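Chemist: Chain residues, written in single-letter form:
2 protein chains.
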Amino acid sequence: MCLPNWLRHYQSTWWVGDLSAGVVVALLLVPQGLAYAMLAGLPPATGLYASVIPLVAYALLGSSRQQSVGPMAVTALMTGAAIAPFAHAGSVQAVHYALALALLSGLFLLGFAVLKMGWLAHYLSQPVITGFTAGSVVLIILSQLPPLFGVDGGGRSFLVQVPHLIHVLPQTHAPTLWLSLASLLFLWWSRGFLSASLQRLGIAAFWANLTTRLAPAVWVILALAATAYWRLDWHWGWHTIGVVPSGLPAWSWPDLTWREWQTMLVPALLLGLMNFVQSISVAQSLALRRGERIDANCELAGLGLANVAAGLSSGMPVTGGLSRSAVNAAAGANTQMSSVITALLLLPVLLFASDVLQFLPQAVLAATIVIAVSSMFGWSEMRQIWRYDRADGLAMLFTFLTVVLAGVAEGIMVGMACSLAFLVWRSSHPHIAELGRLPNTQHYRNVLRYPEVERLPEVMLLRVDESFYFANVQFIEDDINRRLQQQPEVKHLVLVLSAVNSIDASAFACLLQWQQQLQPQGVTLHLAEVKGPVYDRLRQNDFLSRFQGQIFLSTHQVNEYFRAE
Amino acid sequence: MCLPNWLRHYQSTWWVGDLSAGVVVALLLVPQGLAYAMLAGLPPATGLYASVIPLVAYALLGSSRQQSVGPMAVTALMTGAAIAPFAHAGSVQAVHYALALALLSGLFLLGFAVLKMGWLAHYLSQPVITGFTAGSVVLIILSQLPPLFGVDGGGRSFLVQVPHLIHVLPQTHAPTLWLSLASLLFLWWSRGFLSASLQRLGIAAFWANLTTRLAPAVWVILALAATAYWRLDWHWGWHTIGVVPSGLPAWSWPDLTWREWQTMLVPALLLGLMNFVQSISVAQSLALRRGERIDANCELAGLGLANVAAGLSSGMPVTGGLSRSAVNAAAGANTQMSSVITALLLLPVLLFASDVLQFLPQAVLAATIVIAVSSMFGWSEMRQIWRYDRADGLAMLFTFLTVVLAGVAEGIMVGMACSLAFLVWRSSHPHIAELGRLPNTQHYRNVLRYPEVERLPEVMLLRVDESFYFANVQFIEDDINRRLQQQPEVKHLVLVLSAVNSIDASAFACLLQWQQQLQPQGVTLHLAEVKGPVYDRLRQNDFLSRFQGQIFLSTHQVNEYFRAE
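Line order of the protein sequences matches chains A and B. Heads up, the first sequence is in the working numbering, so the first residue is 1 and it goes up one at a time. Heads up, the second sequence is in the working numbering, so the first residue is 1001 and it goes up one at a time.
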């Protein structure tokens, strides 16, 4: 069971850290909630609602002690992309779709938790996640350009948005642009240089870093106060986020038809999967530093419950965010109690501050989003992957391009398909090495890499570096037949199966057939280093009685045997 | 290039065999062409047209000397299934779709030949082909029940056809049923017992077998003659195939709209793939007996050209058939000249016999189809695959059920998806063996299978039986962490990479991270038996400088090293 033990064994010394972290995260979460709701094309309140009950829900089941759950950039982007074809941004219908998305993705995750399917996350490879994130960053920044320039948005697709922007750029609203540039400049500077400047002024590193992390929240509060006090929205024509209704998050149920629910199924599955992958990677990197362990199934349960709670309490889908969780940890969070405190602190904001929030300029929020996501792009990681392996690099590139040109859901699917296709392609063209004996050892290596190895003239030792299965058995046969033609003196072909972990039904049939084809050429087929599980299967299916060659325990035995002959 | 050399080096002794085989196959091909056209829901003539020019086209490029190309059962079934949603059986529109299908599938195959993509066939595993064939047999037999009972057909889908048949069975037409039963009985008897009976009468085995193979053609001719002479279609109400227009196959071009062409793309791709898989397996089994080699790309080219020729000369899609090719070989075919002779012999049939063919009862053709396909079901093969491996068995079962319940195209796709999914699943849950030294050798095996092996207490040797990649690296880590918890005395963890053929970018990152996690537990990670290609990649990506453990050449070196310590 996933019920965590932090509450039962709560130590009084933990309070200070949890309380301060709770306050700090609450300060961050209010502007983030508003910004990511805007990014998803939802009314601002859905972002705040998602920051109350879901946090408590995750605290109940989640496996990470320092994870901070709530609205996140990529999640907001995916939510917006899933909803856009069916409802206008900011409409009541859009909210219903978002609630359904949160609810369904939460149910998927809970289902996976019950079925112990935490391993699902492993099927998204690093290159696919990197390409996906980079593509999302491009889409997110693109979507924030209209509020930054004070022009109308042109939809979510790259191919629609770019020509639209070029078209409307002459209508840029100058006062908005100035605010945007000031915001971007301040946020960029504070992220890169504020901490160092403060430390040069003699402030301790801890406080300097914390101030830096809170700088976006401070800037948002300043912009909000200035706009509200001088009514700059009137005077300078800044677009603000509009009225946020006062009141606590209410019980909700998405008002959709059966068919509308169905359209959300696949997006919800992909969203849930992506949220889980993000969340578990954050949780793992936090746990690593404290020597704690993360249970993938509990993480599924916690995140699933949080999303169901979001769907039932008028909130948008949520997940764990890296930067916010890092702030939580840095500010001293010892347990999920800090998240509970954050949730409690959001209640007065929702009750009393909502009249004030309406004066928050959209451009400021857009600037915080752009600066927050631009660090997620991961240039160096992409370069590394590209250099490491071309297939991994191509999977990453295809994922990136599909996300940008076609969409986020398509990107995940293309990415997974690519990485599986490359996997199959690689295993269907295995490396085959001819072996020889390293002098004075019982160790056998590739003759091409170790030219000093000893060989017997009539015996060919071949190590096939892949399991035998339907897609590669013909390739292996063809390759070895070619080698036999080049070395007609060979009478004994020994397959060294040290890298063969299984032989499937197709390969089994081919192997028996191949043995017969080799006979007229005067070549006998032998096997060596057959692994236990493979040997068992061969034995159970009458291979041994039909096989004419010998089966050797080790390669060295082969050598001894034929040398004796 | 694929132009075969049989024509240039034609030997005069080959004539006799080629001529007799050509005559025999022509005798078979006329009823088969009519029957398979009926099975595909096309006018009978399309089956005969497909038996002229396509045969010559294959003779030009195809790689098999004895393959007999022409209409085939599974091909006809797939053609019918692809056409059925868009055109009524027997209509002019259906013919246009069939021509488009032949043309497109031929172009796909020619394209694959140019791109040297003969390896495509390997991605259809044996279990999937077996399940697909068995499902097709069920569908084919089901589709022939209405003509056998003399009732109306109810469509091609299993779920529609079965209730329909139950509904219309009371309307069975008795004279038709008697003809069907007589035909089935004779064909079944001749296939199983005629040859033995003839040999008991003193006839040589060769002639007895040939007569047996021609028995269906003889029965068809008898039924045709009797019906025409006594006008049994009038008197007993037998349904006949109807008028076959006299004349040679004419140049044709499918008269379809752009959108209609598009709907045929995916069916044509699947049909082409399946035709190629059938054809190459027939060609290979024939070549095997004569010690000839089949070039997969030439087979693609030959079959592709044959289908393009079919589409351009009013014929249905074609492929190589096992039973007909076997007859061709048995009757003495030495080269594709026998197919050219067959094609020439079909010309007078088309010109002069077409007035007679119209009296051929449908029930007789249906009986020949049922008997021909029932031997393709492959019970023993299915049992074998199921016993060999449960995953292979499930892939086969899913393919079979999908073909029967959803359709042929769906069946191929589900089958391929299944076998790939099982492949990935298997490789993502690798077998991990702890190794020990077999006494007095330098060979290391699984401690569970060889309890006598020797181990060093502080050293754990683990052999992971799979390449490291994104989908299994977490599983491997978790499994090994569990083992380390059970054996806290271990200080050196040695991964024996004899079965690790590659390490992808995700696994590379995990490996470095894992090493750091092991440090606080006092465990050092080492590697042994790293293969050349893997070692190269690690070296190129700064692994060696970041790796804290040692890299050993062989497992025995590990043992020597730590014993010395």
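Read the hints as simulated data drawn from the structure, not as lab findings. There's no promise every hint is true.
[As the list claims (entries may be wrong)] What follows is a set of in silico ranges between Cβ atoms, one per label pair, in the way DEER data are often shown: (1) A1225/B - P520/A: 44 to 50 Å; (2) M117/A - F1193/B: 53 to 59 Å; (3) M376/A - D1536/B: 49 to 55 Å; (4) R290/A - Q1262/B: 56 to 62 Å; (5) R1390/B - M376/A: 42 to 48 Å; (6) D1536/B - P520/A: 57 to 63 Å; (7) S1380/B - G522/A: 54 to 60 Å; (8) M376/A - L1544/B: 49 to 55 Å; (9) R1449/B - F547/A: 19 to 25 Å; (10) L1401/B - R293/A: 39 to 45 Å; (11) S281/A - L1544/B: 23 to 29 Å; (12) R1390/B - L544/A: 20 to 26 Å.
[Stated by the list, open to error] Selected chain B positions facing chain A (in silico; Cβ < 10 Å): (13) W1189; (14) E1410; (15) E1434; (16) D1465; (17) Q1474; (18) F1475; (19) Q1548; (20) G1549; (21) L1553; (22) S1554.
Being a predicted model, the structure only gives us computed values, none of them experimental. From the three backbone atoms N, C-alpha and C, an ideal C-beta is built for every residue, glycine too.
Chemist: If a hint holds in the structure, say so; if it doesn't, say that too.
Modeler: Against the structure, the hints:
1. With their beta carbons about 48 Å apart, A1225/B and P520/A fall inside the hinted range of 44 to 50 Å.
2. A beta carbon spacing of about 56 Å between M117/A and F1193/B agrees with the range 53 to 59 Å that was offered as a hint.
3. Between M376/A and D1536/B the beta carbon distance is about 32 Å. The supplied range of 49 to 55 Å is therefore violated.
4. Against the hinted window of 56 to 62 Å, the Cβ-Cβ separation of R290/A and Q1262/B comes to about 58 Å, which satisfies the hint.
5. Between R1390/B and M376/A the CB atoms are about 43 Å apart, so this pair conforms to the stated range of 42 to 48 Å.
6. Between D1536/B and P520/A the CB atoms are about 39 Å apart, so this pair departs from the stated range of 57 to 63 Å.
7. For S1380/B paired with G522/A, a C-beta distance near 32 Å fails the hint of 54 to 60 Å.
8. Hint check: M376/A to L1544/B, Cβ distance near 30 Å, so the stated range 49 to 55 Å is violated.
9. Distance hint check for R1449/B and F547/A: the Cβ-Cβ separation is about 20 Å, which falls inside the suggested range of 19 to 25 Å.
10. Our hint of 39 to 45 Å for L1401/B and R293/A holds, since their Cβ atoms are close to 42 Å apart.
11. Distance hint check for S281/A and L1544/B: the Cβ-Cβ separation is about 27 Å, which falls inside the suggested range of 23 to 29 Å.
12. Restraint check, R1390/B to L544/A: a C-beta distance of roughly 21 Å satisfies the suggested window 20 to 26 Å.
13. With a least beta-carbon distance of about 32 Å to chain A, the hint placing W1189/B at the interface is violated under the 10 Å criterion.
14. Hint on E1410/B is violated. Least Cβ distance to chain A is approximately 19 Å, over the 10 Å limit.
15. For E1434/B, the shortest C-beta to C-beta distance to chain A is roughly 12 Å, which exceeds 10 Å, and the interface hint is violated.
16. Nearest Cβ of chain A to the Cβ of D1465/B: about 4 Å, under the 10 Å cut. The hint holds.
17. At about 5 Å, the closest approach between the beta carbon of Q1474/B and any beta carbon in chain A falls short of 10 Å, and the interface hint on this residue holds.
18. Annotation: F1475/B was flagged as interfacial toward chain A, and the flag holds, the nearest CB pair being 7 Å apart, inside 10 Å.
19. The restraint placing Q1548/B at the interface with chain A is violated, with a minimum CB-CB distance near 17 Å, outside the 10 Å limit.
20. Taking 10 Å as the C-beta contact cut-off toward chain A, the hint placing G1549/B at the interface is violated, the least distance being around 19 Å.
21. Checking L1553/B against chain A by beta carbon gives a least distance of about 7 Å; that is within 10 Å, so the hint holds.
22. Taken as an interface hint, S1554/B checks out: its beta carbon lies about 4 Å from the nearest beta carbon of chain A, inside 10 Å.
Hint compliance for this structure: hints 3, 6, 7, 8, 13, 14, 15, 19, 20 are broken, all remaining hints hold.
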